[in-house]
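Protein chains in written order, with the numbering used here: chain A, 283 to 556; chain B, 283 to 556; chain C, 221 to 481; chain D, 221 to 481.
Keep in mind that the hints were calculated from the coordinates and are not lab data.
Treat the hints with care, since some could be wrong.
Quick partial rundown of chain D residues pointing at chain B, CB under 10 angstroms, derived from the structure [unchecked claim]:
| # | residue |
| --- | --- |
| 1 | Val277 |
| 2 | Ile285 |
| 3 | Ala305 |
| 4 | Val319 |
| 5 | Ala321 |
| 6 | Arg407 |
| 7 | Ala409 |
Chain C is nowhere near these chain A residues, computed Cβ spacing over 10 angstroms in every case [unchecked claim]:
| # | residue |
| --- | --- |
| 8 | Gly300 |
| 9 | Lys326 |
| 10 | Lys350 |
| 11 | Asn358 |
| 12 | Leu379 |
| 13 | Gly399 |
| 14 | Cys425 |
| 15 | Asp441 |
| 16 | Pro490 |
| 17 | Pro507 |
| 18 | Asp520 |
| 19 | Ala531 |
| 20 | Ile543 |
Predicted model, so just to flag it, every value in this text is computed and none were measured.
Beta carbons: idealized from backbone N, C-alpha and C, even for Gly.
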Amino acid sequence: MAKIQGLAQAIEDLVHDGDCVAMEGFTHLIPVAAGHEIIRQGRKDLTLVRLTPDIVFDQLIGMGCAKKLVFGWGGNPGVGSLHRFRDAIETGWPVPLEIEEHSHAGLTNRYVAGASGLPFAILRGYFGTGLMDRTETVKTVQCPFTGEKLAAVAALNPDVTIIHAQQADRAGNVLMWGITGVNKEAALAATRVLVTVEEIVDHFEPRPGGVVLPTWVIDAVAKAPAGAYPSYTSGYSDRDNAAYVAWDAVSRDRDTFRQWIEEHIVQGAPAVSS
Amino acid sequence: MAKIQGLAQAIEDLVHDGDCVAMEGFTHLIPVAAGHEIIRQGRKDLTLVRLTPDIVFDQLIGMGCAKKLVFGWGGNPGVGSLHRFRDAIETGWPVPLEIEEHSHAGLTNRYVAGASGLPFAILRGYFGTGLMDRTETVKTVQCPFTGEKLAAVAALNPDVTIIHAQQADRAGNVLMWGITGVNKEAALAATRVLVTVEEIVDHFEPRPGGVVLPTWVIDAVAKAPAGAYPSYTSGYSDRDNAAYVAWDAVSRDRDTFRQWIEEHIVQGAPAVSS
Amino acid sequence: MSTGAARIEQSPGYDPDDMMIVAAARALRGRRVCFVGIGLPSTAANLARATHTPDLVLVYESGTIGAKPTRLPLSIGDGELAETADSVVSVPEIFNYWVQAGRIEVGFLSAAQMDRYANLNSTAIGDYDHPSVRLPGAGGAPEIAASCREVIVLIRQSHRTFVERLDFRTSVGFGEGPGDRARWGYRGAGPTLVITDLGLLRPDPETCELTMTDLHRGVDVDRVRAATPWDLAMAKDLKITEPPSAEELTRLRALQATQDR
Amino acid sequence: MSTGAARIEQSPGYDPDDMMIVAAARALRGRRVCFVGIGLPSTAANLARATHTPDLVLVYESGTIGAKPTRLPLSIGDGELAETADSVVSVPEIFNYWVQAGRIEVGFLSAAQMDRYANLNSTAIGDYDHPSVRLPGAGGAPEIAASCREVIVLIRQSHRTFVERLDFRTSVGFGEGPGDRARWGYRGAGPTLVITDLGLLRPDPETCELTMTDLHRGVDVDRVRAATPWDLAMAKDLKITEPPSAEELTRLRALQATQDR
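Could you build all of it, start to finish, from the sequences and the hints given here?
Written as structure tokens, this is what we have:
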């Protein structure tokens, strides 16, 4: 059953140095506030996982929280590069960053296998690409019926998955709607689950497209209004596109970046970028 | 793009002697009216597929439409045996019935593989059961990462899948809600898809739990109000439990059964059993 | 069928089915998540909700998670379940994400035949290709047996149901004994409790063979032995089941009455 | 960025990006289902909807099927897409049931590098372990390349982008030539059209090597050869692309204006 906690306490309880931490959110419901709390608490040696690492991952990487990144596409969506991500890979600053990269379908199916209690999943993909040789969690299986060869990806079971959602009720059940991406699978694959929510309500209204995660598969719920900012939360807030554009300039320079983090995240000023 | 057709025409166009025909509906949205039309049109040598064959499958089997049944659990839910199903397996009446049986999870994953364009799916199951030796679409694969052995089931791609749903719009998009079981997967796995619906509407209202199948994966939509009777269609009609109970007596005796079919299905009297 | 009326004449006010249901409901005390089929298991799980474990999460194979039915459902896909559930998911999701992943604490099974290792037959009596009785088949049983963290079997105890050798093994208990479940890759503990009309059986921790641990009130060892074709292991400290309490029976009758609505 | 204002000074009223978008939109005429990324593909697909193919079904990787955006989305997961879609499904479902199963007729790809068999690199420039430029990576590209029934590549033509040898092969065109796609088990036809700022290329039916089949108006063969590091195959009946029509440009400007809202 989910505990309803403060975000700082929840991160302290659930995220430890060295953990494998998935923070999902496919362009929507991105757990930015939780990422900032991880930076504030100075976690180290994390293996960070996300299909589409964007600004908050750039921040975590730039602050040296991660020793490894498991990902599919790392960019500032609609803007360009992630400069801290690039700096870490290209020059090892501030700490070397090991990478394990997948196609989106491959990493998605790693979560699916993890959520399903299976050791692997199969897909048509990877053959002919350079990813096959670079990624140890991709291998080959043969269909026992047709003899065809298919790609196999190893199950991914993060130590902790963090997602953002619109609402929790007082029992700790969680409701999200809109684009929910791979949030359910990432949560069900994990050993521990933290959900940040915009709001805690007495009762859920049934919603078209609503996805409910029951409290008994969640460890902690923490209220984090605007917790996906500068991304959006359908029904609560819009994407601040200017903040994405502004991040490009902030993140290009190491000192500007550190100063921004100090000011907006460490000092606890509101984590808004413009 | 789905044609909106009369049910008789749709069955004539899409269901041919010898076809593999999946008719799904997990205790809800069962395409009974479509099954009756198949009986009226006298289809033969069908391979019928369903997780939970119930009364309408008993009727199809008893009328000799099927040469083979692929299934998971064949019974009159909440009542007892399917007597025509039993008679066909135990004595070969009216024609011998080949069976291929699975666990629900196994047959479900055959559809999932079919819908995913994969030749097989994997699951934890079958080992230790007698099903493994009796079912050729179950084999073993080894995990290339852990060495574990898992069950593999062959993809199922029916020639045609028939499902029942609440609504279609005039473009042939389909909306269902409530318990949708394996309907989406069965439809997406098939070469051809027929959906019977309670109602054709101008526009869908967004529904909590609503599942939309777009028109471009459907071949035909046919209006069949109360088309799941005596089962239920959430939002339209309740289950007629008395009809399930009554079926037990009707189906025990071959002559009574044939007379009932003649009267209620062949002669086109409303297909109600009590 | 007006069960209440028929049963009230029976001394002491309950019949063997009632005892089985009440014993099953008691076994759910304090449990969190339970996978439910129609019939006795559904009644037992809802009785547990109505008595000591109101927050018990009921998961039905049709995809309804956290169903809170106000009447006993007619089928595992009863509309009442969907309407009262926390979440309704697809059947692939139920099996892959919820059952197989080991999220279900207790699953119920029943069968036509059971052997001493709690392996079950719900497929056929007689030869598979020419059965004397063709049963409904596996359904969700193999996965419940494989992956629920524990399984409770509800079965009447007689020479018809308790057999030396199954005609067909539809779902597994402990196979041929220790180690089989691990070899198959099954993560659930298997049948930790068998509830019959005569008493309760549990697997021996060493041999996995079913051992009679409790007798229902009024049942003696001779009757149990007579109902069992093999030399049934008996616990040294054989307990007596508490008969259904007045409250349990009242709640049970109220539940059963909802089915006649 | 006010694209309209900057471009209007350019004779003849459109720039190479406009030409690429218009050519891509034209290639969607009469198509049914298209998988769309952000940037030129999204603009092209929405231009096709706004002109000749209003019923074109747009599928975005975020799970939105049949999105009908009234403004150009800012990301593939823009709320506008979810709100206007026929159906919003999970990312696992998009990849497994919709892309991999071959339900998408046309998918768009872009890349930093392309070779003569239309294999693409969007991973890294330079050595993989010590790249001079680390690019975003694969994302959905490998599956689009593998399983969409056809792929259209949008890429500028220069010695930087057209390369003899990719630094990394992120997604496949035709591998090393005929037979490779079949050997990998990929069911899509691969890149049937490459749209550049200079013209159109299509794979040779025999060799799979990209062949220049159309030049944009004002581009000559020498310019194309100079932009391509290998001895580029040229179609015998080289065609000239029709420049964007007034209507196409008007609709395109109207679409682009929605992004400034």
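Structure-based check of all given hints:
Because the smallest distance between the Cβ of Val277 (chain D) and any Cβ of chain B comes to about 6 angstroms, under 10 angstroms, the interface hint for this residue holds. Interface hint at Ile285 (chain D): satisfied, since its Cβ lies 6 angstroms from the closest Cβ of chain B, which is below the 10 angstroms cut-off. The criterion of a C-beta within 10 angstroms of any C-beta in chain B is met by Ala305 (chain D), whose closest approach is roughly 9 angstroms, and the hint holds. Given hint, Val319 (chain D) at the interface with chain B, holds; its Cβ is 9 angstroms from that chain's nearest Cβ, closer than 10 angstroms.
Proximity of Ala321 (chain D) to chain B holds as hinted, the smallest CB-CB distance being about 4 angstroms (cut-off 10 angstroms). Using the Cβ-Cβ criterion of 10 angstroms, the hint placing Arg407 (chain D) at the interface with chain B is satisfied: the shortest such distance is roughly 7 angstroms. The interface hint given for Ala409 (chain D) is violated, since its Cβ lies 15 angstroms from the closest Cβ of chain B, which is over the 10 angstroms cut-off. Taking the minimum C-beta to C-beta distance to chain C, about 25 angstroms, the non-interface status of Gly300 (chain A) holds against the 10 angstroms cut.
Listed as a non-interface residue, Lys326 (chain A) keeps its Cβ farther than 10 angstroms from every Cβ of chain C; the least gap is roughly 31 angstroms. A cut-off of 10 angstroms between C-beta atoms confirms that Lys350 (chain A) is not in contact with chain C; the least separation is 25 angstroms. Look at Asn358 (chain A): its CB is around 32 angstroms from the nearest CB on chain C, clear of 10 angstroms, so calling it non-interface holds up. With a cut of 10 angstroms on Cβ distances, Leu379 (chain A) stays outside the contact zone with chain C, its closest approach being about 31 angstroms.
At the 10 angstroms boundary, the C-beta of Gly399 (chain A) falls inside the reach of chain C, the nearest C-beta of that chain being 4 angstroms off. Listed as a non-interface residue, Cys425 (chain A) keeps its Cβ farther than 10 angstroms from every Cβ of chain C; the least gap is roughly 19 angstroms. Separation of Asp441 (chain A) from chain C is adequate, the least Cβ-Cβ distance of about 17 angstroms exceeding the 10 angstroms criterion. At the 10 angstroms boundary, the C-beta of Pro490 (chain A) stays outside the reach of chain C, the nearest C-beta of that chain being 13 angstroms off.
No beta-carbon of chain C comes within 10 angstroms of the beta-carbon of Pro507 (chain A); the shortest separation is about 24 angstroms. Chain C leaves Asp520 (chain A) outside its interface by the beta-carbon criterion, the shortest separation being 28 angstroms against a cut-off of 10 angstroms. At the 10 angstroms boundary, the C-beta of Ala531 (chain A) stays outside the reach of chain C, the nearest C-beta of that chain being 42 angstroms off. Taking the minimum C-beta to C-beta distance to chain C, about 37 angstroms, the non-interface status of Ile543 (chain A) holds against the 10 angstroms cut.
Checked against the numbered hints above, the structure violates hints 7 and 13; every other hint is satisfied.
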